[in-house]
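Using the hints provided, position chains G and R relative to the given structure of chain W.
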Amino acid sequence: MNRVNLTINGKQVSVLKGTSILNAAREAGIEIPTLCYHPDQFVKANCRVCIVEVEGRKELPSSCSTEVEEGMALWTNSRRVLEARKVIIELLLANHDADCLMCHRNLNCELQKIANQAGVRINRFENVLEMQEVDISSPSIVRNPNKCVKCGRCVEICNEIQGVNIIEKIGRSGEIEVLPTFGRYLSDVACTCCGQCSTVCPVAAIYEKEEIEKVWEAVNDPGKHVIVQTAPAVRVSIGEEFGMEPGSIVTGKLVCALRRLGFDKVFDTDFTADLTIVEEGNELLSRIKNGGVLPMITSCSPGWVNFIEQYYPELLDHVSTCKSPQQMFGALAKSYYLDKMNLKPEDLFVVSIMPCTAKKYEALREEMSVDGVHRDVDAVLTTRELGRMLKQAGIDFDKLPEEKYDDPFGITTGAGVIFGASGGVMEAALRTVYEVVTGKNLKRMEFHTIRGLEGIKEAEVDLKGLTVKVAVAHSLSNARRIMELIRSGKADYHFIEVMCCPGGCIGGGGQPYETTNELRMKRIQATYQADTDLPIRKSHESPAVKALYEEYLIEPLGEKSHKLLHTHYRDRSIKRAQ
Amino acid sequence: MSAENRFLKNIVLTKRCEKINPESIESYVNAGGYEALKKAVTMEPQQVVDEVKASALRGRGGAGFPTGIKMEAVLKTEVFPKYLVCNADEGEPGNFKDKFLMENDPHQLLEGMIICAYAMGMEKGYIYIRGEYIEPIRILKKAIKHARGKGFLGKGILKKDFSFDIEVRSGAGSYICGEEFALVESLEGKAGRPRNKPPYPTISGIYNKPTQINNVETFSNIPFIILEGAESFKGIGTKSSSGTRLISLSGNVLKRGVYEVEFGITLKQIVYDIGGGVPGGRKIKMVQLGGASGPLIPETMLDLELDYDRLSENNLTIGSGAVIVIDERYDVIEILRLIMKFFKHESCGKCTPCREGIRQILRILYKFGSNSATQNDLKLLRTLSNVMSETAFCGLGQAAPTALFTTMEYFAHEYTSRIKKPGVILKAV
Amino acid sequence: MKLQNVIEKHGRLPENLIHILLEYQAQKDNNSINEDEISHVARELGLSENRVYSVITFYSLFSKEPRGKYVIQVCNDVPCHVNGSFSIIEELEDVLKIKMGDTTRDGIFTLEKTSCLGCCDKSPAIRVGESIHGDLTPEKISEIISFYRREYDECRE
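Residue numbers (my numbering), protein chains in the order written: chain W, 1 to 578; chain G, 1 to 429; chain R, 1 to 157.
Think of the hints as simulated: they come from the structure by calculation, not from any bench.
Careful: at least some of the hints might be erroneous.
Pairwise CB distance ranges (calculated) [unchecked claim]:
no.: 1; chain 1: G; residue 1: S370; chain 2: R; residue 2: R150; range: 40 to 46 Å
no.: 2; chain 1: W; residue 1: N517; chain 2: R; residue 2: K113; range: 44 to 50 Å
no.: 3; chain 1: W; residue 1: R80; chain 2: G; residue 2: E18; range: 21 to 27 Å
no.: 4; chain 1: R; residue 1: M100; chain 2: G; residue 2: D303; range: 37 to 43 Å
no.: 5; chain 1: G; residue 1: S370; chain 2: W; residue 2: R80; range: 38 to 44 Å
no.: 6; chain 1: W; residue 1: L101; chain 2: G; residue 2: K379; range: 29 to 35 Å
no.: 7; chain 1: G; residue 1: P198; chain 2: W; residue 2: G243; range: 35 to 41 Å
no.: 8; chain 1: R; residue 1: K113; chain 2: W; residue 2: V43; range: 44 to 50 Å
no.: 9; chain 1: R; residue 1: K113; chain 2: G; residue 2: L254; range: 25 to 31 Å
no.: 10; chain 1: R; residue 1: D153; chain 2: G; residue 2: K379; range: 57 to 63 Å
no.: 11; chain 1: G; residue 1: S370; chain 2: W; residue 2: E217; range: 49 to 55 Å
Ideal placement from N, C-alpha and C gives every residue a C-beta, glycine not left out.
Isolated chain W, as found in the complex:
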């Protein structure tokens, strides 16, 4: 018998053997509040919020870590359970800066939610919090230790998924803290700014550095021409901020919303994603033809670029010199578009809406400035920040009509859209490279083996007799595996796509809270749906891209491209005494 029978709150339930009490209850439609529990992570059982009463047991076990047993009789809402849970939540709140009204996570905080659910109205315990400095040193992430509940989710994602272990539980007992290496500022440790920690934090202990005010100031400045670009992954996730079904494709509403916020032009980063494919594809072919460094690795993901600069600087020659789509857009905006619109550099303000916190760092890099004075991208907002901004403006997203992007950077291809999912850049590149090399029309555009959430994916494509081997990795622990293969000379690939975040940009560090693998899959499905729905699905067929080359750039990898669309990297590893 593979099933176990038990009663939960007096109700007969039958679940698979090995199911936790928590999941058994959920299957039966009974919600048990949790705090440290995360469906994609190891069971930690350290918050003790999800306790239940089991008949015959003296203690109240945590439901997340206790498996069901045949004949078990348990209660999730007995007086004993509710009272103990309330005490535990009060204990947490007694060591927490509960300035909820002004908190980043107000109304979407997991601690606030369970405290409210438990009916905490007063705290019987004295507040023992000793206020500490909030770490605002990173351009991407803010760490507020006064909010931390020591659940360990951020530590796990930093360690297990990203494999960098930049934050860790330090010390013991009441002095335990979650700290960057040696208790330093985030800017002084090898943090990749990926922001995955912020996506799993149940409270506001780690969150993105907000740039909303800066953007409000710009759009309200009559002297400024403010343009905005939207990353591919935002259109399949921003709806979640407004309670829409995960995986809703809301491109048209997004455009309309941005216009209503006061942006002068609304453009699509997909346009420069296509441009990236043309430049990167040609770079790959040139490397193959001229005996350049192989495998070549993509450079779209700034968290990934930070990783290789800090952890594998000796392999930087493998990274494509192409700027990311965000920065290609910024560079073109501050050159081509500036001229075309006859604007002064100080009057053009470029905003990007990104699923990413590392983009905030990328936009600040000194090489990301066409004229060496002004930043190419002036402000970066995450999906979450855009959600907040729209709420501030009282925009009811769900009810918005669908609108179209502006010219000239508003033409979207399927290839550009799939940049948002892990494997998408590679698939877009293959669609273009195949046709450029073979001169033939690609009949089946879908490369299924490089789609989905598998850690490292591979494919082979025959290009006129040359078998091109490619690999796709997402999350930095998988990137590290690939780097070790390259280091040991075992990576016989030509081209590798690396995305910093699990699932690619749709699972980015700036995406809506409570992102899970289930949600990632829905966003991925939406991404490929958006691709299929578009009339043009190959980057080199984008009329906007074609026009840009004809009118301005002349040719891929040409002089103008080199100046505007390509960049260089540097060794940023933290050096210590040997």
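Chains G and R alone, transformed into the frame defined by chain W:
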């Protein structure tokens, strides 16, 4: 040791202590050492386990779980390698009996471990000992070297197809590492925070392999059981508690030290007959059993017998065998604050009730200490200690409020008498 | 012994981390392990710096901050307390002219509280370096301190 008490028996564990030279294996062998091992290797592993089961030996680390049943579970697990661990992380305040055994008869421990390894098919064993125990570490390492030299450890032990070796590993100052999973984490070179149970270490311990973990005293009982037989062992002690028990006697008592006693002795006999009572003719205020995580009881309860069942009928336990005598000069709140400070220092910080609860308890106790507590504080103290014992992740947090519970029951007036009376009006002079 | 030698003696395995750190720290004059040393151990054992740092901050025998040549650990758990360890603490603070947790200006002594040392039959007890001193009375403290000062001076000469 005083011999006038009929329960004071140095027959099982301490018969060689202070008689042989602990740093000489010859001295141990001449006193009958390693004979049990020689006997054990002629038996089938199952027979060895059966003998331990029949002896009804219960773990001496504190929980009192039957050792033979644990061994049986590991024997039946078909996953290899299996590991054997001796828990010598004696950190509970008031306990020093494991140190006594390791310093005075290290080979008895090794022999017990080797027999268990033989029975359960293990090739590697560890003695996890607290980093502060410098002298026992030195003595054990020497004993292991000697045992290897004599062929009691290493490959082909006693010319049998049986290989086993022991490594001494030390902690670095952490009481929680006495908890079996924290110990495993520490053995693997990590911070000692407990893991989820189940699976228990017997299924998935060191490097997720089956791991049998026992206390020093538990292993030290094994040679006697094998050599003299389970029946002889059961002949000592009481019906529900067979064998002898090492008592660490400390505090305000004349003759502090480690004593081997037979189960059935009363606590009063331990304190007065063996310990010689309180110095200076002072009265006993309270006695703590087991150590910091044990109950604090008044003198009136000292007629209780040392016996697992008898104590548990009274909601008490002797834990790892400490008896700490506290005389009338000290008050309950003062002692409780020391105990809770100990737990505050030693909590691993993993779970909410323990990490946050202990410091709240200390705050409330401070109020009692300064006579500024209210009726509400007393209620809160009760609630908090209940929640801690019901919901903490591991034994440390669950047991931390034991002294609180027991004093609230047996010394209730110490709390109520300190509660601030509402509405006191000061008279003008 | 150099750190590298200690690492090689124990072997480059994560499970040896605690032993490596204990042995290396014990022979250092300032009884502590600094960031560079943490990085070194981490690199050699294939661990992250944070993993090593978390171990150092978890166990009470380790310190990242420099301490005296002799760390004096005083037990104040119940068995020691009821035998007068509080008066030993007062005397130590008096003689060394420092407070609990501090290091003497000459860098010879650090005064720390410790959990039970397992010497309750000789309480009150303290641990100085790797030696235990039990059955203490305040009168014995000056003598113990002088002994270590002499030992320290002799080592210097």
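Cβ separation of R/M100 and G/D303, checked against the hinted range 37 to 43 Å: Roughly 41 Å apart at Cβ, these two residues keep to the hinted range, so it holds.
Status of the given 21 to 27 Å range, CB of G/E18 versus CB of W/R80: Given about 51 Å between the Cβ atoms, the range is violated.
C-beta pair G/S370, W/R80: status relative to the range 38 to 44 Å that was hinted: violated (32 Å)
G/P198 versus W/G243 beta-carbon gap, inside 35 to 41 Å or not: This hint holds: roughly 39 Å between Cβ atoms.
Satisfaction of the hinted span 49 to 55 Å by the C-beta atoms belonging to G/S370 and W/E217: holds (54 Å)
G/L254 and R/K113 - C-beta distance against the hinted 25 to 31 Å: holds (27 Å)
Pairwise beta carbon distance, R/K113 to W/V43, judged against the given window 44 to 50 Å: Violated - the Cβ-Cβ distance for R/K113 and W/V43, about 35 Å, lies outside 44 to 50 Å.
Outcome for the supplied range 57 to 63 Å, where the beta carbon pair is R/D153 and G/K379: holds (59 Å)
Beta-carbon spacing of W/L101 to G/K379 - inside the hinted bounds 29 to 35 Å or not: About 31 Å separates the Cβ atoms of W/L101 and G/K379, which means 29 to 35 Å holds.
Cβ distance range 44 to 50 Å for W/N517 and R/K113, holds or violated: holds (47 Å)
Outcome of range test on Cβ distance (G/S370, R/R150; 40 to 46 Å): 44 Å Cβ-Cβ, so the 40 to 46 Å window holds.
In this structure, the hints that do not hold are numbers 3, 5, 8, in rising order.
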